[in-house]
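Student: One letter stands for each residue in the lines below.
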Amino acid sequence: MTTITDPPKESFRLSMLIYDTRYRSMTIQVVALLGFMAVFAWLIGNTAQNLSDLGKEPSFTYLNDSAGYDINQRLIDYTSRDSHWRAAGVGLLNTLLIAFLGCITATIIGVFVGILRLSNNWIVSKIMTVYVETFRNVPVLLWIVFTMAIMIETLPQPNDFRGDNATASMILNDTVAITNRGIYMPEPLFSRSLGDVSVFGFLNISLNLVLIAAVLIAGIVASKKIKERANRIQEATGIRPTTWYLRLGAVLLPVTIVLVALGFHLGYPALKGFNFQGGTHLRNSLLALWIALSLYTAAFIAEIVRSGIMSVSKGQSEAAEALGMSSRRTMSLVILPQAMRVIIPPMISNYLNLTKNSSLAIAVGYMDITATLGGITMNQTGRELESILLLMLIYLTISLSISAVMNWYNNSVKLVER
Amino acid sequence: MNKSVFFGALTVASLAAGVAAASTLDDVKARGKLNCGVTTGVPGFGAPDANGEWAGFDVAVCRAVAAAVLGDGTAVEFIPTTGKTRFTALASGEIDMLARNTTWTFSRDVDLKFDFAGVNYYDGQGFMIPTALGVSSAKELDGATVCIQTGTTTELNLADYFRANNLSYEPVPIETNAEGQQQYLAGACDVYTTDASALAATRATFEAPSEHIVLPEIISKEPLGPLVRHGDNEWADIVRWSLNALIAAEELGVTSANIEEMEASTTNPEIARLLGKEGNLGEMLGLEAGWAKAAIMAGGNYGEIFEQTIGQSTPIGIARGLNAQWTNGGLLYSPPFR
Chain A
1 MTTITDPPKE
11 SFRLSMLIYD
21 TRYRSMTIQV
31 VALLGFMAVF
41 AWLIGNTAQN
51 LSDLGKEPSF
61 TYLNDSAGYD
71 INQRLIDYTS
81 RDSHWRAAGV
91 GLLNTLLIAF
101 LGCITATIIG
111 VFVGILRLSN
121 NWIVSKIMTV
131 YVETFRNVPV
141 LLWIVFTMAI
151 MIETLPQPND
161 FRGDNATASM
171 ILNDTVAITN
181 RGIYMPEPLF
191 SRSLGDVSVF
201 GFLNISLNLV
211 LIAAVLIAGI
221 VASKKIKERA
231 NRIQEATGIR
241 PTTWYLRLGA
251 VLLPVTIVLV
261 ALGFHLGYPA
271 LKGFNFQGGT
281 HLRNSLLALW
291 IALSLYTAAF
301 IAEIVRSGIM
311 SVSKGQSEAA
321 EALGMSSRRT
331 MSLVILPQAM
341 RVIIPPMISN
351 YLNLTKNSSL
361 AIAVGYMDIT
371 ATLGGITMNQ
381 TGRELESILL
391 LMLIYLTISL
401 SISAVMNWYN
411 NSVKLVER
Chain B
1 MNKSVFFGAL
11 TVASLAAGVA
21 AASTLDDVKA
31 RGKLNCGVTT
41 GVPGFGAPDA
51 NGEWAGFDVA
61 VCRAVAAAVL
71 GDGTAVEFIP
81 TTGKTRFTAL
91 ASGEIDMLAR
101 NTTWTFSRDV
111 DLKFDFAGVN
121 YYDGQGFMIP
131 TALGVSSAKE
141 LDGATVCIQT
151 GTTTELNLAD
161 YFRANNLSYE
171 PVPIETNAEG
181 QQQYLAGACD
191 VYTTDASALA
201 ATRATFEAPS
211 EHIVLPEIIS
221 KEPLGPLVRH
231 GDNEWADIVR
241 WSLNALIAAE
251 ELGVTSANIE
261 EMEASTTNPE
271 IARLLGKEGN
281 LGEMLGLEAG
291 WAKAAIMAGG
301 NYGEIFEQTI
311 GQSTPIGIAR
321 GLNAQWTNGG
331 LLYSPPFR
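Taken in order, these protein sequences are the chains called A and B.
Under the UniProt record's numbering, think of the first position of the first sequence as 1, with each following residue one higher.
Under the UniProt record's numbering, think of the first position of the second sequence as 1, with each following residue one higher.
Since the hints were made in silico from the structure, they are not lab data.
Keep in mind that this is a model prediction, so the values were computed, not measured.
All C-beta atoms, glycine included, are put in the ideal place defined by N, C-alpha and C.
Errors might be hidden in some of the hints.
As the list claims (entries may be wrong) - Short derived list, chain A residues pointing at chain B, Cβ under 10 angstroms:
#, residue
1, L54
2, K56
3, Y62
4, A67
5, S80
6, D160
7, G365
8, Y366
9, M378
10, Q380
Unchecked claim - Some residues of chain B that are not near chain A, with every Cβ distance over 10 angstroms (derived):
#, residue
11, A50
12, E53
13, A91
14, I174
15, D237
16, R273
17, G276
18, A289
19, R320
Produce the entire structure from the sequences given, and follow the hints as far as they go.
Tutor: Now the structure itself:
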């Protein structure tokens, strides 16, 4: 007679951790993790030990000391008596500024070049190929230095604008001066100011700007409402009312009124003493960095756009043409929206690259965060480890923020699947 | 350039134990070469000549130390550093000593943990400006654009000076002397400021030096000298006394030309001690008896080096001024060899 017995109870022996394939991979992973953590702990311990042997215990208090150096381009108030923190803040804003400007122009140039590279016009497409290949294959540092060298060596000095036999003159009705120290342009000024409001005791934001921005946004919202109303009327009656003057007025009129009320006028640059004084000064370091980073990154973006467009099946454009759409409308309404989901993810990494490449700014003397915190502050205080750690943390934060925003945008344009 | 800072920082972090533990003298002897940090190029002070050999006033200090330690003034590996990378290079052990127009300041000595071995050049910060601008005093520089090497004491002095005199200026940060020279000559800045000696050296290389003037104001004290890492006192002593040997040799009238004769016939006990004939100064330093003789033979005594590299007979043409021996009314004063 047979009896049904329970299957033998699994007994666990330690050797199974190595010999039993069910457990082996877990064992290896745990051991590897422990090893990794041990190496990391050793590195940190060793660093702390060595630094304290050198008499340089890690500490961030040096950042509260007075920086002692001047920074030429500052978006917030700063003097040499301010702390290293504030100097780092000035540098950070300069980094963000160049990243912002660079990403926008690189995208515009990149999209144009990418589309033109697919042009049926042989010359246009070949010229774009040459542009893309030259910029992609030469290091960006060389482009930055090269742009700067051209600006310094070929443009006139402020001195050349002086005297009766000046060799250079201002353009656009004597309002803009292009020199080898940068471009001096008229600046917006207000004769009546609403004053500043201080945010976190760090940033001073002009209430004038806040008011203008608010009015502008309200105008745009109103313009949208007018458009929606026109759509409703069109759906109901089939006749679309002419609204362009209403929409234009809704945006422009309130802003104009506010500007006049605030006493808006332009401040022109004028040659005084050694330099042009007054007006807005776009420094050549900013321009060189901006131009070089934009052109360089645009070459990569152009390739991304091209691959995105080529990923959309030919049937789509043929169908659009069959409907009688012009090739421009086909591109903007049919092809590009579909190409976007291929374009966006690699675009994110190019924005990140541009932001990180902006740390080459010191090559042309642009005072970004690498030049202030990671350059002068680090050098004057001798706090290499702390400064570099802080710098890495800041770049990490900037990169992750850009990535988060772009991922959110990617989610909003990607193909909706059911 | 940023990379080397970063790697330097990393090396400080991870390898400093080895540096702190082993003695620099043993390292140099074992290597058979002295790693000496110099500038990336200031004519007269430290720059490669037409044959690619490093030559200059600061370079001579490296050669003297190498001769004292290894008996050979050419056993030097010259490592060019910028104002920004120099301290990291020294702290990380990439170089054994730094001889590079570096100002002895409190915070570098105390807070950055370096030891200055002495002063080989007493300098001060000046301004250079094209004669055509018609400026005769630094007080007239309101609103000027100033080229300045970043990460230097001159950068801090400049900020203080303009602030104290209530003048405005636009700083143009640059990395190296060569870059500053290019921007200055192209007119991207009105004024170039750095140590007066370096200004004179830079001006000497211009096509038309007479079109540029160095303004009379000297706005700071810049005692320049070689430095080493904190904590290796034996090594600091070697560098300090090698420099002192050059200064003392001039004072005692020992030159590279008459040194053999002096050694054979001197009756001055200090010269005898210096050249290793009497006493055991070399042994105290852990070096050969003829260490100072080798150092002097490498490039001559302090006065000879000065005349050959930056003195009146060279294009740079700097007068001895403060850098004369104390016996001639200058500041050079070596402690006694006894």
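Student: None of the hints should be skipped; say for each whether it holds.
Tutor: A quick look at each hint next to the structure:
At about 6 angstroms, the closest approach between the beta carbon of L54/A and any beta carbon in chain B falls short of 10 angstroms, and the interface hint on this residue holds. The interface hint given for K56/A holds, since its Cβ lies 6 angstroms from the closest Cβ of chain B, which is under the 10 angstroms cut-off. At its closest, the beta carbon of Y62/A sits 9 angstroms from a beta carbon of chain B; the interface hint therefore holds under the 10 angstroms criterion. At a threshold of 10 angstroms, the smallest CB-CB gap from A67/A to chain B is about 9 angstroms, leaving the interface hint in force.
Below 10 angstroms, beta-carbon pairs count as interface contacts, and S80/A has one with chain B at about 4 angstroms; its hint therefore holds. Taking 10 angstroms as the C-beta contact cut-off toward chain B, the hint placing D160/A at the interface holds, the least distance being around 8 angstroms. The restraint placing G365/A at the interface with chain B holds, with a minimum CB-CB distance near 4 angstroms, inside the 10 angstroms limit. Interface hint at Y366/A: satisfied, since its Cβ lies 9 angstroms from the closest Cβ of chain B, which is below the 10 angstroms cut-off.
The restraint placing M378/A at the interface with chain B holds, with a minimum CB-CB distance near 7 angstroms, inside the 10 angstroms limit. For the restraint placing Q380/A at the interface with chain B, the shortest Cβ-Cβ distance is roughly 7 angstroms, inside the 10 angstroms limit, so the hint holds. Its beta-carbon lying about 25 angstroms from the closest one in chain A, A50/B satisfies the requirement of being farther than 10 angstroms from that chain. Against chain A, the non-interface label of E53/B holds: every CB pair exceeds 10 angstroms, the least being about 28 angstroms.
With a minimum CB-CB distance of about 7 angstroms to chain A, A91/B fails to clear the 10 angstroms threshold, and the non-interface call is violated. The Cβ of I174/B sits about 6 angstroms from the closest Cβ of chain A, inside the 10 angstroms cut-off, so the non-interface label is violated. Its beta-carbon lying about 20 angstroms from the closest one in chain A, D237/B satisfies the requirement of being farther than 10 angstroms from that chain. Every CB of chain A lies more than 10 angstroms from the CB of R273/B, the least distance being 35 angstroms, so the non-interface label holds.
Every CB of chain A is more than 10 angstroms from the CB of G276/B (nearest about 35 angstroms), matching its label as outside the interface. Residue placement check: A289/B keeps its beta carbon more than 10 angstroms from all beta carbons of chain A (closest about 34 angstroms). Residue placement check: R320/B keeps its beta carbon more than 10 angstroms from all beta carbons of chain A (closest about 32 angstroms).
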